[in-house]
Amino acid sequence: MGMWTQVALIGLAVAVVIFLGPGVKRMAEESPSGSREDWWTFVRIMAAVVGFILLMVLFLRWGQ
Amino acid sequence: MASNQYAAAQQTAGALATNKVLRNTYLLLSMTLLFSGVTAGVSMAMHLPAPGLILTMVGYFGLLFLTNALRNSAWGLVSVFALTGFMGLTLGPILNMYVQMFSNGSELILTAFGGTGAIFLGLSGYAVVTRKDFSFLGGMIFVGILVAFLASLAAAIFGLPLLSLVVSGAFILLMSGLILWQTSQIIHGGETNYIMATVTLYVALFNLFLSLLQILAALSGQQR
Numbered sequence: 001m002g003m004w005t006q007v008a009l010i011g012l013a014v015a016v017v018i019f020l021g022p023g024v025k026r027m028a029e030e031s032p033s034g035s036r037e038d039w040w041t042f043v044r045i046m047a048a049v050v051g052f053i054l055l056m057v058l059f060l061r062w063g064q
Numbered sequence: 001m002a003s004n005q006y007a008a009a010q011q012t013a014g015a016l017a018t019n020k021v022l023r024n025t026y027l028l029l030s031m032t033l034l035f036s037g038v039t040a041g042v043s044m045a046m047h048l049p050a051p052g053l054i055l056t057m058v059g060y061f062g063l064l065f066l067t068n069a070l071r072n073s074a075w076g077l078v079s080v081f082a083l084t085g086f087m088g089l090t091l092g093p094i095l096n097m098y099v100q101m102f103s104n105g106s107e108l109i110l111t112a113f114g115g116t117g118a119i120f121l122g123l124s125g126y127a128v129v130t131r132k133d134f135s136f137l138g139g140m141i142f143v144g145i146l147v148a149f150l151a152s153l154a155a156a157i158f159g160l161p162l163l164s165l166v167v168s169g170a171f172i173l174l175m176s177g178l179i180l181w182q183t184s185q186i187i188h189g190g191e192t193n194y195i196m197a198t199v200t201l202y203v204a205l206f207n208l209f210l211s212l213l214q215i216l217a218a219l220s221g222q223q224r
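Here the protein sequences come in this chain order: H and V.
Going by the working numbering, the first residue of the first sequence is number 1, and it counts up by one from there.
Going by the working numbering, the first residue of the second sequence is number 1, and it counts up by one from there.
A few of these clues could be false.
Chain H regions said to be covered by chain V (calculated; three or more residues, Cβ under 8 Å) [unchecked claim]:
no., stretch
1, 2-12
2, 15-21
3, 27-36
4, 42-56
Hints are computed from structural coordinates only; laboratory data are not their basis.
Glycine included, C-beta positions come from ideal geometry on N, C-alpha and C.
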């Protein structure tokens with residue numbers, strides 16, 4: 001990667017933090033806090049997603 | 001008695017409005033997915049070169065901000081198709097690269113495509129059927145996306161493939177959460193603009209597909 005591309009990417013990172021950072025911070029502060037049960041539901045759903053991806057990897061390897 | 005009827009009528013009107021936003025979102029999402037599929041196909045067939053990271057980022061963010069600015073007018077629809085068409089164009093060279101780099105490239109792409117569809121249908125369906133409120137995920141998801149985006153830039157700048165893979169894994173979980181959050185927002189009246197809802201779901205699907213493709217290629221890809 002060229003030096004100017006690297007400089008531009010660093011500039012983009014700084015711009016993203018400056019422009020989107022405050023909005024994201026506000027959103028995080030205003031977001032309602034979920035109950036323990038809510039978070040467990042979310043963890044279970046994410047575990048199902050990870051399990052599904054592992055199945056896809058196994059399926060691809062099995063087909064080789 | 002009259003107040004009960006009024007409350008019931010208001011509830012029905014709210015539910016109808018929610019269903020309309022959900023229906024319009026899914027309709028526009030399927031049309032934009034078809035359109036970006038066509039532009040990705042054209043880009044692949046013509047072997048268009050990758051536009052480069054800077055042009056890609058300027059295009060993505062420029063069209064994203066334009067769509068946000070036009071979200072309440074008919075021009076917003078034009079802007080959505082411009083954004084998704086552009087994203088499809090940038091996808092073509094990436095897919096060509098996978099086909100050329102891996103002997104099972106086509107299989108990887110099809111599996112990632114099917115997997116993305118299944119994950120989206122599963123998560124969105126879960127949120128619609130259970131009507132569970134996932135608004136508590138908002139803060140975590142947007143902070144996570146910002147951190148993951150900065151980490152992906154760092155991985156690109158310093159050439160760190162392992163960090164790139166970790167970011168892809170994080171993006172899969174964050175985009176899955178984003179699908180749950182956005183669908184829940186539509187159902188509970190938190191999002192009433194179907195153009196913005198479509199853009200959020202489209203971006204989630206796009207990132208989910210690319211991250212899944214990278215993970216599958218790293219774990220089951222056969223390099224030529």
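Hints, one by one, checked against the model:
Look at the stretch 2-12 of chain H against chain V: 6 of its residues bring a Cβ nearer than 8 Å to a Cβ of that chain, three or more, so the hint holds. Chain V is given as covering the stretch 15-21 of chain H, and this holds because 4 residues of the stretch bring a CB closer than 8 Å to a CB of that chain, at least three being needed. Counting residues of the stretch 27-36 of chain H whose C-beta lies closer than 8 Å to any C-beta of chain V gives 8; at least three are required, and the coverage claim holds. As drawn, the stretch 42-56 of chain H meets chain V at 9 residues by the rule of a beta-carbon pair under 8 Å; at three or more, the given contact holds.
Every hint, counting from the list given before, is met by this structure.
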